[in-house]
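Quick mapping for you: the protein sequence lines, in order, are chains A and B. For the first sequence, this note's numbering begins at 6 and goes up steadily by one. For the second sequence, this note's numbering begins at 169 and goes up steadily by one.
Heads up, some of the hints might be wrong.
Said to hold, decoys possible - Restraint-style ranges between C-beta atoms, simulated for each label pair: (1) B:Ala261 x A:Pro208: 16 to 26 Å; (2) A:Thr258 x B:Glu206: 20 to 30 Å; (3) B:Glu206 x A:Thr234: 42 to 52 Å; (4) B:Tyr191 x A:Pro208: 19 to 29 Å; (5) A:Arg240 x B:Pro267: 33 to 43 Å; (6) B:Ala246 x A:Asp205: 25 to 35 Å; (7) A:Thr258 x B:Pro267: 37 to 47 Å; (8) B:Ala261 x A:Thr234: 24 to 34 Å; (9) B:Lys175 x A:Thr258: 49 to 59 Å.
Said to hold, decoys possible - If you want the ones that stay clear, here's a sample from chain A, every Cβ over 12 Å from chain B, calculated: (10) Val16; (11) Arg22; (12) Thr27; (13) Asp79; (14) Val112; (15) Glu183; (16) Ile197; (17) Glu216; (18) Glu276; (19) Leu371; (20) Asp437; (21) Pro467; (22) Arg470; (23) Lys511.
It is worth saying that the hints were derived from the structure and are not from the lab. The beta-carbon is built from N, C-alpha and C at its ideal position, and this holds for glycine as well.
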Amino acid sequence: MSFDLDQVIQVFIQEARELLQTMEAALLHLENEPTDSETIDEVFRAAHTIKGSAGLFGLNEIVSFTHVMEDVLDRARSGDTLIDKKLIALLLESGDHLNELVTVFAVEKSQLGDAAIKRGQDLINGFAHYRPTQTISVLSNAEPTAPKVELYNEANVASNLWHISLRFGPEVFRNGMEPSSFIRFLSSLGTIIRITTLLDNMPDADLMDAESCYLGFEIEFDSTADKNTIADVFRFVNEDCVVHILPPHSKLTEYVELIKSLPEANSRLGEILVESGALTPQELQQSLDAQRTEAEASGKTALLGDILVAQGSVEPELVKAALDKQTTIKDQKNKENHFIRVQADKLDSLINLIGELVIAGAGASLLARNSGNASLHEASSVVTDLVEEIRDSALRLRMVPIGETFNRFQRVVRDVSQELGKEIELVIAGADTEVDKTVVEKIADPLMHLLRNSMDHGIESPARRIAAGKPAKGTLKLNAYHDSGCIVIEISDDGSGLNRDRILSKAIDAGLVSANAALTDQEIYKLIFEPGFSTAETVTNLSGRGVGMDVV
Amino acid sequence: MNISVEKNDLQTSVALAGDINIYTAAELKSELLSCVAESANLEIDLSEVKEFDSAGLQILILAKREAKRVECDLKMKAHSQSVLQLFELYDVAAFFGDPLLIPTDTNLEQTSDRRNV
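Please build the complete structure, drawing on both the sequences and the hints.
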């Protein structure tokens, strides 16, 4: 069992990391287009999915933190909160914090350090500005059975029970379903505190069809199950039944929507809700008042369209969950078409075996050639061809597009440029150039140093750039391409370039070259790659304009 | 399902036996409604009801509602186990207002055990 769990948690870790990367990329995109609703959705979905799967593993710290993020994002999504630079910065930091949370709880299975706890709290406090509710409940050592964090505010009803409204459709009996079996099943998830059976929709005796179902129920339900589990009870009858599920302490407005959306008269439903303890009389009064003002404002009572909208909005969480599920399934499908996750060591052993196969094949073909047997020779040369093809494609298996690594630098560029007070844009070209996975991992760090160098020393401050007649925004370019069997990764910037004399004098000072050596420009520029040629000594002018630092 | 109707001067007695469910609901509806229409005092004996489902319950509720409308005094008695269980699940006993014989717990458990088997 623990073995299984370990494997599953590995998947979670990887998934969370990928989602955080997606989130980061989306946030960076948002910085340029703060109103792009699709990207906001993407960020939201990422946070939501992380929260959901962290909940599965009982990683409450992650759940509670993500919940706060999700809350803010949800408001951003609905347009209640505007996305500004500050919020994006906050969200980016939160992404980093989450990454650490994942590392600490899922990978190391240890506890957070004080610094991280403080940072988390700071971030949550930062978010508080964007959230409507002031009460923030942070689960620290909550029992694992409560993965759901609900935020309470004064507009919520007092009842601590679930409220479930069911209206079975006329076809239920004819479709071979029996409402009582659903309710019996429901009681296996908790306790039905109170049930009100409604037959208000049953027409007069003459019109009543004995085989149609007119039943409706209002149920007060005590359960620790989550909303999806409860909704699942009615999954089989979903098409034939209008189901509304309100969690404990739902917002009063949700009850208003519920009352509005159900076919019975408002006052009748209100009475039922009060009688069954879902609402206090004051709450009912309040909600009916709210409804009346609303109706007066719009000049008419709720129309069918409104009812439908209301029905949609009564269960935003469920609808959202369903939508999210659909999109993630769709996304996953797209991805699945392209990728299969294979363990790296399996791939390594395959490649090793193929190496052996190439050697053995070469030996065999040599023997075949020496044997003088023409048909054997022919056969072995076919085998050799095939082996070569296998080798090539096996090596290609390890190739990944470099774009992912490049995209990671967007964040670096953004952070560093803000730190330096410069405006820098990263332009990426050749993102789909394929590079061996191990190489990608190894060059990521050197590339970052080069980028930092470029930004720090190459690109000038906006004022100086304008003075030099350049646009205030500096451009940093990352390019990758294949060139005669090599992969060339090129970093260039439109900064001030290398100062030849300065490099030379520094190099002479450092004893790298003798004072009277005649060096070409190229040789001088190469000096900057010398070990010990510290960037600290050459604080300015370190990277080249048009020179292009090639790293292979 | 078997419906036997006995009429005397004072009241009409109806005894329902067998399954009262979606398959017999239509028949039961017309039978009960005509009884409600014809008499001012109606008593329904449910002691021999075997299967009882929501469709059957709907008919009983309809009959009760109709009886109230035409001021017929409709009573039900001797509810069988299956009727009681559904009444309890749906909490509709108060609607009918008839006295129910509450079975002892052991009886209930036995029946539910049998159900599970």
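Hint check results:
{"no.": "1", "hint": "B:Ala261 x A:Pro208: 16 to 26 Å", "result": "24 Å, holds"}
{"no.": "2", "hint": "A:Thr258 x B:Glu206: 20 to 30 Å", "result": "51 Å, violated"}
{"no.": "3", "hint": "B:Glu206 x A:Thr234: 42 to 52 Å", "result": "50 Å, holds"}
{"no.": "4", "hint": "B:Tyr191 x A:Pro208: 19 to 29 Å", "result": "22 Å, holds"}
{"no.": "5", "hint": "A:Arg240 x B:Pro267: 33 to 43 Å", "result": "39 Å, holds"}
{"no.": "6", "hint": "B:Ala246 x A:Asp205: 25 to 35 Å", "result": "29 Å, holds"}
{"no.": "7", "hint": "A:Thr258 x B:Pro267: 37 to 47 Å", "result": "43 Å, holds"}
{"no.": "8", "hint": "B:Ala261 x A:Thr234: 24 to 34 Å", "result": "30 Å, holds"}
{"no.": "9", "hint": "B:Lys175 x A:Thr258: 49 to 59 Å", "result": "56 Å, holds"}
{"no.": "10", "hint": "Val16", "result": "38 Å, holds"}
{"no.": "11", "hint": "Arg22", "result": "47 Å, holds"}
{"no.": "12", "hint": "Thr27", "result": "48 Å, holds"}
{"no.": "13", "hint": "Asp79", "result": "37 Å, holds"}
{"no.": "14", "hint": "Val112", "result": "46 Å, holds"}
{"no.": "15", "hint": "Glu183", "result": "6 Å, violated"}
{"no.": "16", "hint": "Ile197", "result": "8 Å, violated"}
{"no.": "17", "hint": "Glu216", "result": "6 Å, violated"}
{"no.": "18", "hint": "Glu276", "result": "15 Å, holds"}
{"no.": "19", "hint": "Leu371", "result": "76 Å, holds"}
{"no.": "20", "hint": "Asp437", "result": "61 Å, holds"}
{"no.": "21", "hint": "Pro467", "result": "74 Å, holds"}
{"no.": "22", "hint": "Arg470", "result": "78 Å, holds"}
{"no.": "23", "hint": "Lys511", "result": "88 Å, holds"}
Going through the hint list in order, the structure does not satisfy hints 2, 15, 16 and 17.
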